[in-house]
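Assemble the complex: chain B is given as a structure, and chain P must be docked to it using the hints.
Protein chains: 2
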Amino acid sequence: MKINVVKIGGGLINDKKLLNASLKFFCMINGYKILVHGGGKKVDYILNMMNIPKKMIKGRRITDKKTLNVVIMTYAGIINKNIISLLQHNNCNSIGLCGADGNCVKSHIRKKNTIDYGYVGDIKKKNDINTSFIKFLLKKNITPVLCSITHDGMGNLLNTNADSIASNISISLSNDNCDVDLNFCFDKKGVLKNIKDPESYLSKINFSLFQKMKKNNVIFNGMIPKLENGFFALKNGTSKVSIGLPDKIIDSSEKTILCM
Amino acid sequence: MKINVVKIGGGLINDKKLLNASLKFFCMINGYKILVHGGGKKVDYILNMMNIPKKMIKGRRITDKKTLNVVIMTYAGIINKNIISLLQHNNCNSIGLCGADGNCVKSHIRKKNTIDYGYVGDIKKKNDINTSFIKFLLKKNITPVLCSITHDGMGNLLNTNADSIASNISISLSNDNCDVDLNFCFDKKGVLKNIKDPESYLSKINFSLFQKMKKNNVIFNGMIPKLENGFFALKNGTSKVSIGLPDKIIDSSEKTILCM
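If you're matching them up, the sequences are chains B and P in order.
Adding 2 to a residue's 1-based position in the first sequence gives its number in our numbering.
Adding 2 to a residue's 1-based position in the second sequence gives its number in our numbering.
Hints listed in this document are in silico derivations from the structure and should not be mistaken for laboratory results.
Please note: incorrect hints may appear among the correct ones.
Covered by chain B, according to a simulated footprint, are these stretches of chain P (three or more residues, beta-carbon under 8 Å) [stated by the list, open to error]:
id, region
1, 64-78
2, 81-87
3, 90-104
4, 137-146
5, 151-165
Derived pair list, reagent style DSS-like, types lysine-lysine, alpha-carbon separation capped at 25 Å [to be verified]:
id, chain 1, residue 1, chain 2, residue 2
6, P, 18, B, 68
7, P, 141, B, 44
8, B, 206, B, 217
9, B, 137, P, 141
These figures come from a predicted structure and were not determined experimentally.
Glycine residues also receive a C-beta, built at the ideal position from the N, C-alpha and C atoms.
The following block holds chain B by itself, in its conformation from the complex (with noise of 0.2 Å):
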């Protein structure tokens, strides 16, 4: 079974137009595919509409009750389900997704060391991705969009890193019998040597380069966790692994592919 997970990015869903072509792009992945949306901008603004501070260490959401309820609402709410609207809307027959549903993404509690996360959930075991769910609806046709809520199996629900459950879904999946490709789309044509050349990107990037650019600080940000989730997926089972724009997903060109 042929898969083709595609993780979109804040960047792509806060924009009307770029939202609607990503989805299109998506539209036209040929076989089994899966989407996995965050959507963080558009929770800093709700979070603001409802005056609620928003509170953030090292680039990291800190998720107190309060701060959940708008992330659910956000995540699992407006943006999941006009993504769904939109693809029914082009013909593609989708499903969306919370981490509860179907018991299909569980997660565990941050543990509370220096920094107490709040309501944040890590996937840890194997059996934490239901594959036979996921397998169960790909094979009727209907494509999961996942948004980046999770459970605990407890009747709490947890604000998960949606690039790690991009990358832990192509795991589980590549280690169920499947051949997946991961592909991370943004608004950048992929890993740029100079973040300020849009042009800089990288055809290829291994885990030593990445390591060295990453020491320089060439790469920073929330592109540090994302090649981090990119290559975990490579290392443990999922085929391809590549960051681009969005209109590359079918394209192996103008991007940048991860390598060992």
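Relative to the frame of chain B, chain P by itself:
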């Protein structure tokens, strides 16, 4: 295929303890079941937090674009996903759906006559309910939990009355070789003869008694569309329609049964 369709009302959803208890009773139903919910009171709370004025005409919500976004976030987001995580915790494998998910409930935007209701959708056609998708989930022992958001198939999400969704699903499944019981659950024992006396519920109500009680203003407000939807379901193939407390879903006593 015997199916219990259960609609839970806003009064039960807004109170954490009542919701938990209602879901436990729902889980106790043997065999195939479907849950339908609204949650209007929570929408009012969020509108207020976001400084968006609440607009109602004759007890019905006027859903402008901003209100639609809040309605989607609340019904499909926070309420639906919390219900799913609680059902999973109670070992009821369930999936949260809006009408766009799996194209399960389509609707048609209400025409602007004397009142412009905004982004409100009505279920009109026989094939607006995707019974084959609902039965596909049920046969896999996945319980569908529908919120009161539908879609028009053109990329638009619409606000739709939850009683009407429950009624139309019951009819469509009945017409697709299912034996359906429709249970409206709320915070009263049934249809009351005297609104001030919670014990004054009718054990039975037929259409002419309903008409008489409506005329005499004994039945009013939201109880009118609920009973209209109930009688509509009964007249169109639903085996049994009842109204009462959530602990009486599987019990024929102490609730109001609708008769022809």
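Hint by hint, here is what the structure shows:
Coverage of the region 64-78 of chain P by chain B holds [criterion: at least 3 residues with CB-CB distance below 8 Å; count 6]. Taking a C-beta to C-beta cut-off of 8 Å, the region 81-87 of chain P contributes 5 residues in contact with chain B, enough for the three needed, and the coverage statement holds. Residues of the region 90-104 of chain P lying with their CB closer than 8 Å to a CB of chain B number 11, which satisfies the three-residue condition for coverage. Residue count for the region 137-146 of chain P with a Cβ under 8 Å from a Cβ of chain B: 3. That meets the three needed, and the coverage hint holds.
Under the rule that three or more residues need a Cβ within less than 8 Å of chain B, the assignment of the region 151-165 of chain P holds, with 7 such residues. With a C-alpha separation of about 16 Å, the suggested pairing of residue 18(P) with residue 68(B) holds against the 25 Å cut-off. Annotation: proposed proximity of residue 141(P) to residue 44(B) is violated, straight-line Cα distance about 37 Å (limit 25 Å). Taking the CA atoms of residue 206(B) and residue 217(B), the gap is near 18 Å; set against the 25 Å cutoff, the hint holds.
Under the criterion of a C-alpha separation no larger than 25 Å, the hint pairing residue 137(B) with residue 141(P) is consistent with the structure, at around 16 Å.
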